[in-house]
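Engineer: Letter by letter, the chains look like this.
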Amino acid sequence: MPDFLEMTVDKFTFKVAGDRFYTAEGVWALVDGNRVRIGLSDFQQQRSGDVAFAEVKPTGTRLALDEEVATIETIKVNISLGSPVTGRIIEVNPAMADAPEVINLEPYEAGWMAVIEADHWKDDQARLMTPLAYLAHMKAQAEEAAKK
Amino acid sequence: MKIQPSPRKVVIVPCSGIGKTYGSVSREAAYEITQELRPEETRLVSLAMLVLGDESSRAALVDAPVLTIDGCKLACATKMVKECGGTISQDFAVLEVYRRYKQFKPQGISELNESGLQLARALAEEIATVVDVTLAETGGEKNG
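So the sequence lines, in the order shown, correspond to chains L and C.
The first sequence stops at residue 148 when you use our numbering, and every number in between is there.
The second sequence stops at residue 144 when you use our numbering, and every number in between is there.
Hints are computed from structural coordinates only; laboratory data are not their basis.
Please note: incorrect hints may appear among the correct ones.
[As the list claims (entries may be wrong)] Cut-off 27 Å, straight-line C-alpha distance, at most; resulting in silico cross-link-like pairs (DSS-like, lysine-lysine):
#, chain 1, residue 1, chain 2, residue 2
1, C, Lys82, C, Lys105
2, C, Lys20, C, Lys105
3, C, Lys20, L, Lys76
4, C, Lys82, L, Lys57
5, C, Lys20, L, Lys11
6, L, Lys11, L, Lys139
7, L, Lys15, L, Lys122
8, C, Lys20, C, Lys73
9, L, Lys148, C, Lys82
10, L, Lys148, C, Lys20
11, L, Lys122, L, Lys147
12, C, Lys102, L, Lys76
13, L, Lys57, C, Lys79
14, L, Lys15, L, Lys148
15, L, Lys139, L, Lys15
16, L, Lys15, C, Lys73
17, C, Lys82, C, Lys20
18, L, Lys76, C, Lys79
19, C, Lys102, C, Lys20
20, C, Lys82, L, Lys11
21, C, Lys73, L, Lys148
22, C, Lys105, L, Lys76
23, L, Lys15, L, Lys147
24, L, Lys15, C, Lys20
25, C, Lys73, L, Lys147
26, L, Lys11, C, Lys102
27, L, Lys147, C, Lys20
[Stated by the list, open to error] Incomplete in silico selection of chain C near chain L, CB under 10 Å:
#, residue
28, Arg58
29, Lys82
30, Glu96
These figures come from a predicted structure and were not determined experimentally.
Cβ atoms here follow ideal geometry from the backbone N, Cα and C, with glycine treated the same way.
Sequences are here, hints too, so could you generate the full structure?
Structural biologist: The structure is reproduced here in structure tokens:
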């Protein structure tokens, strides 16, 4: 798997990091042991626009699968992001409060939102999309949006 | 007869931002500063006229302090002023101002909601302060 898969629709190019899993809403999950770092995909951040505010649930919060882990307000929309895993938040990126634009600038790196200690990663992983599956999902969404 | 030099003015260039809420905030702030807060000290220059190459608009940038207001990260106003050879004293991004005034969430495009207008006023007041400082630092010279 390459570091990034890429797709261009209209004048926009979207990247999909090849080392992680994705929800249909564009939340990525990068696992290290039972720790899962999460963030917003390049496609979702471009589609949503410049981030004004990002509020992530505090460290210690227990989350069920799909339960709201963060809200993001952009110049276009307000988004509620569901957790890709069941578990407990053990770290929140301080940049979310100070410089949330990092989500737009580096969605797969410095723009991460939180680290969750997963209860059952293997079970949750089975519900997530592989990079290739997300690429296809994203392509369909991007092409649909381009028609409008 | 003694000829008095024209008072120095700060040029304000907002983004066009047609169809964008933050672009509308940019324009409203520009109107507020040039028509209400500092009408004698500022001069509004249209980004569209700069893009078209209008000579008088481009001439207004020569030797004048310029403040740009951009609604999004494309920063069209800032880029265009630079391309025209203007000197930008400060560029303002609506989004950054909004982060300081979270209570004023702008909505609407052709007509901003009340919060959007309040955000535009807050931005215009920040710009007014910069206009005062800019003129104090560079006062007494002539431009446009």
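Engineer: Lys15/L and Lys122/L were given as a pair; does the straight-line alpha-carbon distance stay at or below 27 Å?
Structural biologist: The hint holds at about 25 Å.
Engineer: With a cut-off of 10 Å on the beta carbons, see whether Arg58/C makes it to chain L.
Structural biologist: violated, 28 Å
Engineer: Would you mind confirming whether the straight-line C-alpha gap from Lys105/C to Lys76/L stays at or under 27 Å?
Structural biologist: Roughly 11 Å separates the two Cα atoms, so the pair holds.
Engineer: CA of Lys82/C to CA of Lys57/L, is that 27 Å or under?
Structural biologist: Roughly 42 Å between the alpha carbons, so the hint for Lys82/C and Lys57/L is violated.
Engineer: Next pair to validate is Lys102/C with Lys20/C; report whether the Cα-Cα distance is within 27 Å.
Structural biologist: Distance of about 18 Å is within 27 Å: holds.
Engineer: Does the alpha-carbon distance linking Lys15/L and Lys148/L stay inside the 27 Å limit?
Structural biologist: holds, 22 Å
Engineer: Just to be careful, I want the Cα atoms of Lys20/C and Lys76/L compared with a cutoff of 27 Å; is the pair within it?
Structural biologist: Given pair Lys20/C, Lys76/L holds - Cα atoms ~9 Å apart, limit 27 Å.
Engineer: Hinted pair, alpha-carbon criterion (27 Å max): Lys76/L, Lys79/C. Please report holds or violated.
Structural biologist: The given pair, whose Cα atoms are some 23 Å apart, holds under the 27 Å limit.
Engineer: Take the shortest C-beta to C-beta distance between Glu96/C and chain L; is it under 10 Å?
Structural biologist: Check passed: Cβ of Glu96/C comes within 9 Å of chain L, closer than 10 Å.
Engineer: Do the alpha carbons of Lys15/L and Lys73/C lie within 27 Å of each other, as the hint requires?
Structural biologist: holds, 20 Å
Engineer: Would the pair Lys57/L and Lys79/C pass a check requiring their Cα atoms to be no farther apart than 27 Å?
Structural biologist: violated, 38 Å
Engineer: For Lys11/L and Lys139/L, compute the direct alpha-carbon distance and say whether it is at most 27 Å.
Structural biologist: holds, 13 Å
The structure fails hints 1, 4, 9, 11, 13, 26, 28 and 29 (numbered hints given earlier, in ascending order).
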